[in-house]
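Counting from 1283, one number per residue, gives the positions in the sequence shown under my numbering.
If you're looking for bench data, these hints aren't it; they were derived computationally from the structure.
Misleading hints may appear alongside valid ones.
[Stated by the list, open to error] Straight-line alpha carbon distances no greater than 25 Å define the calculated DSS-like cross-link-like pairs of lysine-lysine that follow:
{"id": "1", "residue 1": "Lys1422", "residue 2": "Lys1390"}
{"id": "2", "residue 1": "Lys1625", "residue 2": "Lys1649"}
{"id": "3", "residue 1": "Lys1625", "residue 2": "Lys1639"}
{"id": "4", "residue 1": "Lys1301", "residue 2": "Lys1357"}
{"id": "5", "residue 1": "Lys1349", "residue 2": "Lys1367"}
{"id": "6", "residue 1": "Lys1549", "residue 2": "Lys1612"}
{"id": "7", "residue 1": "Lys1443", "residue 2": "Lys1461"}
{"id": "8", "residue 1": "Lys1657", "residue 2": "Lys1625"}
{"id": "9", "residue 1": "Lys1524", "residue 2": "Lys1541"}
{"id": "10", "residue 1": "Lys1612", "residue 2": "Lys1639"}
[Unchecked claim] Distance ranges between label pairs, derived from CB positions:
{"id": "11", "residue 1": "Asp1595", "residue 2": "Pro1292", "range": "40 to 50 Å"}
{"id": "12", "residue 1": "Gly1463", "residue 2": "Ala1654", "range": "49 to 59 Å"}
{"id": "13", "residue 1": "Gln1655", "residue 2": "Pro1456", "range": "46 to 56 Å"}
{"id": "14", "residue 1": "Arg1476", "residue 2": "Gly1641", "range": "45 to 55 Å"}
{"id": "15", "residue 1": "Ser1488", "residue 2": "Gly1463", "range": "34 to 44 Å"}
{"id": "16", "residue 1": "Gly1614", "residue 2": "Asp1519", "range": "23 to 33 Å"}
{"id": "17", "residue 1": "Asp1525", "residue 2": "Ala1666", "range": "44 to 54 Å"}
{"id": "18", "residue 1": "Glu1320", "residue 2": "Gly1383", "range": "49 to 59 Å"}
{"id": "19", "residue 1": "Gly1343", "residue 2": "Ala1291", "range": "32 to 42 Å"}
{"id": "20", "residue 1": "Pro1522", "residue 2": "Gly1641", "range": "16 to 26 Å"}
Glycine included, every Cβ here is placed at the ideal spot set by N, Cα and C.
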Amino acid sequence: MAGGDGPQAPAPLPKGVRKEVLRPPNAGEEHFPQKGDECSVHYEGRLELDGEPFDSSRTRGEPLTIKLGVGQVIKGWDLAVATMKTGELSRFTCAPEYAYGEQGAPPKIPGNATLIFDIELVSWRADDDLFGDGGVVRTKLEEGSGYQEPGDDSEVLCSVKASAADGRVLEDRPNLEYKLGSGALGKLSRAVDRALGDMKKGGSVSLRCSRDYASIEDGEGPATVEIRLLELLEIEDISPEKDKSVMKRRLTEGDGYQKPKDGGSVKLTVEAATDGKGETVPGFAGSRELEFIVGDGEVCDALELLIVHMVQDERAVVACSKPEMCADAKLGLEGLASAAEGKVCLTVQLHDFENGKAGWEMSGEEKVAYAAQRKEVGTRLFKAQRYRLAPQR
């Protein structure tokens, strides 16, 4: 086993399990297998009473593979193998309570028998070896919640802290907006990408990273990297033309799955208006709470397009490559036609909304009245040259 963090010493063996090293481990081996790791061993077992062998992997011609510490083998074995390093050959004497106890394992092993095992640790593989080479070994700390997981090119909000074996902090990013596959974390990126790939919101992991995956010097102990997934920054093209001229990026997950619909009332806050350089757009009146009817054209096109893609309490950014779509007198942005880097971003939180009756809930008369009212709104929007909104009515 290569890589991982510094050697984690196993617990001392109890009095009922005695160890004698017959052959030391391979040169350079520092690490012990941990609970859940897959261990490949050769062994021979015999009775202490008369030295009679009762089992041997070597006579079968292949090592035995076990998962350590989960009860697949006798208690003495779980404790014994945890004290070994790759290549080591040791003799363990196990008292009955750490072997087969009062019952024994007839016909070869009588009750209350003390057993002697010569065990060779041939190899072992960490339970969560992300690349199969021992370079990055993951320990899950918290599972997280929900069902969504980041995919290729996903953007997330996460915390990443990397520490060297001597405790030096190599990287500490408590609120990092990170795009998987971007390489923004340098040498750490590959390990972080793999770990994030199957995490859920609120989940956290610890990685043991060798120098192949972290910026550490030759001869220096491996790094420990702690990652917590805070949010999935879901990105969606909400432009009518699907030309990416209006992009939504979720900042905070909301509640439920219902979204505002045409004709429904909403209450939201526009927290910020920034340009492509991240600077406040000139004229922006500051954080504003707005209440309006969806689809009536009371607010700018960007907000109209965004709001029908949000859920209760969600927080998101809508980015427009056509600045005029964010022109809105209520925000102090009337007449907006250009912006730095040709982009305007509005940061929005949806506080509350109430949709009208669904079609199946309406009477015939109500359906006719609703259709006429929305047609009237569409005509007004068309006359006002709000062409992106008018066809939707």
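Tested hints:
1. Only pairs whose Cα atoms come within 25 Å are accepted, and Lys1422 paired with Lys1390 is rejected, the gap being roughly 41 Å.
2. Proximity of Lys1625 to Lys1649 is assessed by CA-CA distance (about 40 Å); at most 25 Å being required, the pair is judged violated.
3. Distance check on the hinted pair: Lys1625 and Lys1639 sit about 37 Å apart at the alpha-carbon level, beyond 25 Å; violated.
4. In summary, the hint linking Lys1301 to Lys1357 is supported, as the alpha carbons are separated by about 14 Å, within the 25 Å threshold.
5. With a C-alpha separation of about 15 Å, the suggested pair Lys1349 and Lys1367 falls inside the 25 Å cut-off, and the hint holds.
6. Under the criterion of a C-alpha separation no larger than 25 Å, the hint pairing Lys1549 with Lys1612 is consistent with the structure, at around 14 Å.
7. Of the supplied pair hints, the one linking Lys1443 and Lys1461 holds, its CA atoms being roughly 17 Å apart against a limit of 25 Å.
8. With a C-alpha separation of about 32 Å, the suggested pairing of Lys1657 with Lys1625 is violated against the 25 Å cut-off.
9. Under the criterion of a C-alpha separation no larger than 25 Å, the hint pairing Lys1524 with Lys1541 is consistent with the structure, at around 20 Å.
10. For the given pair, Lys1612 sits about 29 Å from Lys1639 by alpha-carbon distance, which is inconsistent with the 25 Å threshold.
11. The supplied range of 40 to 50 Å is met by Asp1595 and Pro1292, whose beta-carbon atoms lie about 48 Å from each other.
12. Between Gly1463 and Ala1654 the CB atoms are about 50 Å apart, so this pair conforms to the stated range of 49 to 59 Å.
13. For the pair Gln1655 and Pro1456, the supplied restraint of 46 to 56 Å holds, since their beta-carbon distance comes to about 50 Å.
14. Distance hint check for Arg1476 and Gly1641: the Cβ-Cβ separation is about 47 Å, which falls inside the suggested range of 45 to 55 Å.
15. In this structure the hint that Ser1488 and Gly1463 lie 34 to 44 Å apart at CB is violated, the actual value being about 22 Å.
16. Distance hint for Gly1614 and Asp1519: a CB-CB separation of about 27 Å, consistent with the stated range 23 to 33 Å.
17. The beta-carbon spacing between Asp1525 and Ala1666, approximately 23 Å, falls outside the hinted interval of 44 to 54 Å.
18. A hinted range of 49 to 59 Å for the beta carbons of Glu1320 and Gly1383 is inconsistent with their spacing of about 26 Å.
19. Between Gly1343 and Ala1291 the beta carbon distance is about 34 Å. The supplied range of 32 to 42 Å therefore holds.
20. Between Pro1522 and Gly1641 the beta carbons are some 22 Å apart, a value that agrees with the proposed interval 16 to 26 Å.
Going through the hint list in order, the structure does not satisfy hints 1, 2, 3, 8, 10, 15, 17 and 18.
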